[in-house]
Amino acid sequence: MTPDAAAARPRDAIDCDLHCAPASMDVLLPYLDDYWRSYIDDATIRLGDLSYPAGAATSGGPAPAAYEDLAPLLDRDATRAAVLSCVVLDGVHRNPHYAAAVATAINDWLRDAWLARDPRLRAGIVVSTLDVPSAVQEIERLADDPRFVQVLLPVRSDVPYGNRLYHPLYAAAERNGLRIALHAWGRAGAAPSTTGIAPTYLEDYLSNVHIAEVQLLSLVAEGVFATFPELAVVFAECGFTWLPSLLWRFDKDWKGVWREVPWVSDRPSAVVRRHVRLTTAPAQLPRSPTEVAEVLEMVGPEMLLYASDAPHDHGTSGGALLRDLGAAGVEAILRGNAEAFYRRSVA
Amino acid sequence: MKVVVSRLADFPPGERRIVKAGARSIGVFRVEDEFFAIRNRCPHQGGPLCQGRLSPWAVASGPGQVRMEGPPRLVACPWHGWEYDLETGQSFMGPGETRVKAYEVAVERGDRLGEDARPGDARAPVPAAARAAGREPGPYVAETFSVYVEEDYVVVDV
Numbered sequence: 001m002t003p004d005a006a007a008a009r010p011r012d013a014i015d016c017d018l019h020c021a022p023a024s025m026d027v028l029l030p031y032l033d034d035y036w037r038s039y040i041d042d043a044t045i046r047l048g049d050l051s052y053p054a055g056a057a058t059s060g061g062p063a064p065a066a067y068e069d070l071a072p073l074l075d076r077d078a079t080r081a082a083v084l085s086c087v088v089l090d091g092v093h094r095n096p097h098y099a100a101a102v103a104t105a106i107n108d109w110l111r112d113a114w115l116a117r118d119p120r121l122r123a124g125i126v127v128s129t130l131d132v133p134s135a136v137q138e139i140e141r142l143a144d145d146p147r148f149v150q151v152l153l154p155v156r157s158d159v160p161y162g163n164r165l166y167h168p169l170y171a172a173a174e175r176n177g178l179r180i181a182l183h184a185w186g187r188a189g190a191a192p193s194t195t196g197i198a199p200t201y202l203e204d205y206l207s208n209v210h211i212a213e214v215q216l217l218s219l220v221a222e223g224v225f226a227t228f229p230e231l232a233v234v235f236a237e238c239g240f241t242w243l244p245s246l247l248w249r250f251d252k253d254w255k256g257v258w259r260e261v262p263w264v265s266d267r268p269s270a271v272v273r274r275h276v277r278l279t280t281a282p283a284q285l286p287r288s289p290t291e292v293a294e295v296l297e298m299v300g301p302e303m304l305l306y307a308s309d310a311p312h313d314h315g316t317s318g319g320a321l322l323r324d325l326g327a328a329g330v331e332a333i334l335r336g337n338a339e340a341f342y343r344r345s346v347a
Numbered sequence: 348m349k350v351v352v353s354r355l356a357d358f359p360p361g362e363r364r365i366v367k368a369g370a371r372s373i374g375v376f377r378v379e380d381e382f383f384a385i386r387n388r389c390p391h392q393g394g395p396l397c398q399g400r401l402s403p404w405a406v407a408s409g410p411g412q413v414r415m416e417g418p419p420r421l422v423a424c425p426w427h428g429w430e431y432d433l434e435t436g437q438s439f440m441g442p443g444e445t446r447v448k449a450y451e452v453a454v455e456r457g458d459r460l461g462e463d464a465r466p467g468d469a470r471a472p473v474p475a476a477a478r479a480a481g482r483e484p485g486p487y488v489a490e491t492f493s494v495y496v497e498e499d500y501v502v503v504d505v
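The listed protein sequences derive, respectively, from chains A and B.
For what it's worth, the numbering used here labels the leading residue of the first sequence as 1, then goes sequentially.
For what it's worth, the numbering used here labels the leading residue of the second sequence as 348, then goes sequentially.
Same shape as in the complex, but just chain A (with noise of 0.2 Å):
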């Protein structure tokens, strides 16, 4: 993390993307039973964060592998709630079955060595996408614990997200009180778009946006909120400054071919607005105070949740975001707006 990165940090916030990750694999073996660890142990996989090698610059250092490596970083800002993203289930592998065990092992982890350890922290329950019934089982294994205030998915899916396929995973969200994250990556070695795949890792970080946008018109546009008005979504570490003009366009088209989603029966911004916020992490704005006021105005400083995405390093766009933002702006992003969108307390 470069040092302005880390002095951005803002204090009593709301921190809505927070990563912690096992150190290995092996931390995990405790949580599976002897068919999953021989099959581990057979296959030899290991846990690795493939969104972010060690060496690059966006990675800012390794997740907090344990409770001991954040809580100074929680006390040092004063952090007043923090949701964690762990998001080491995604590798390249495609058995459903493993990736059902395992999500519920990394769910198990969490509240063993996470939520036990402080009340200030709450969690995304990571559940498998290749199997919906299987995650379905999952957030209904946990609904109970209040510490878990959303489902943390992928935001790289192999069927966009409005489909069908996924829509008991969202009523079961929606009857318990819990919010969907989309979180950047997931699905490593595959074609960030159908264009194909990307060679480079610059090319796959910066698909993170346009893929969130495929998702936010998959959701609108298959009616996922028309059938789930409850249903709330946060788009996690897939900027946020590309909303204006995709919006835009929505309404536009929406105008000329509603016919096609009639069930569409509101201006898809209006939706989008009812229905979605975003992290605040990576901040892609511009330098000029004035063009990053012009932009926060254009998005609405109400669809904005605070996210560290500690340790991840995105640049210190996200000082600017706070600096340029009047004080009722500031509150809102840090604290409001989350204490807003979460249906489970979070603070």
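Don't read these hints as lab results, they were simulated from the structure.
One or more of the hints may lead you astray.
Listed below are several chain A residues computed to face chain B (Cβ distance under 10 Å; list not exhaustive) [said to hold, decoys possible]:
#1 R37
#2 H93
#3 G162
#4 G223
#5 A226
#6 E230
#7 R249
#8 W254
#9 K255
#10 G256
#11 V257
#12 V261
#13 W263
#14 V264
If you're wondering where the values come from, they're calculated on a predicted model, not measured in any experiment.
No residue lacks a Cβ here, since even glycine has one placed at the ideal position from N, Cα and C.
Model the placement of chain B on the given structure of chain A, informed by the hints.
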């Protein structure tokens, strides 16, 4: 000013006529046995509104659960596909946006040719089908005119 559009016998259901009334171009539509007249100028960007296709409302109870409702009384501008209700000129492109002008159209008997028609209410209530579709009137309202059938003739009052 009354403009004779067509002999009634030459204007079957499902057809339309585009007529000149001074500088204005007006589309007269026969939908089943009702006549409507609306200005042939889309309030959005001036497109030839009356050349567009007619459709009924599409009403959805959920994703993929769609039915058509009512007669085909929505005309879609060929330029951007924006649709207007033939009777009121009302668009449903989102609350809080711009309106298009509509004119009342009626069918009148020939012996009433000399009488003035009563102007219609361009802010007519939202049609039931639009309500069923969950749509609110938008700001664009196309200008509509009164249409009459007078004995054997269809007449528009502009």
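Now for the hints, and whether the structure bears them out:
1. R37: Hint on A:R37: violated, closest Cβ of chain B at ~42 Å, above 10 Å.
2. H93: violated, 31 Å
3. G162: Given a least distance of 8 Å, the restraint on A:G162 holds.
4. G223: OK, holds: A:G223 within 10 Å of chain B, min 3 Å.
5. A226: holds, 7 Å
6. E230: Status violated, d = 15 Å.
7. R249: violated, 13 Å
8. W254: Because about 9 Å separates A:W254 from the closest Cβ in chain B, which is inside the 10 Å limit, the hint holds.
9. K255: Hint holds; A:K255 Cβ to chain B Cβ min 5 Å, cut 10 Å.
10. G256: Interface hint status for A:G256: holds (3 Å vs cutoff 10 Å).
11. V257: Holds, about 6 Å.
12. V261: Cβ of A:V261 sits 8 Å from chain B, so the hint holds.
13. W263: holds, 4 Å
14. V264: For A:V264, the interface hint holds, since the closest Cβ of chain B sits about 8 Å away, which is under 10 Å.
In summary, the structure is inconsistent with hints 1, 2, 6 and 7 from the numbered list given earlier, while agreeing with the others.
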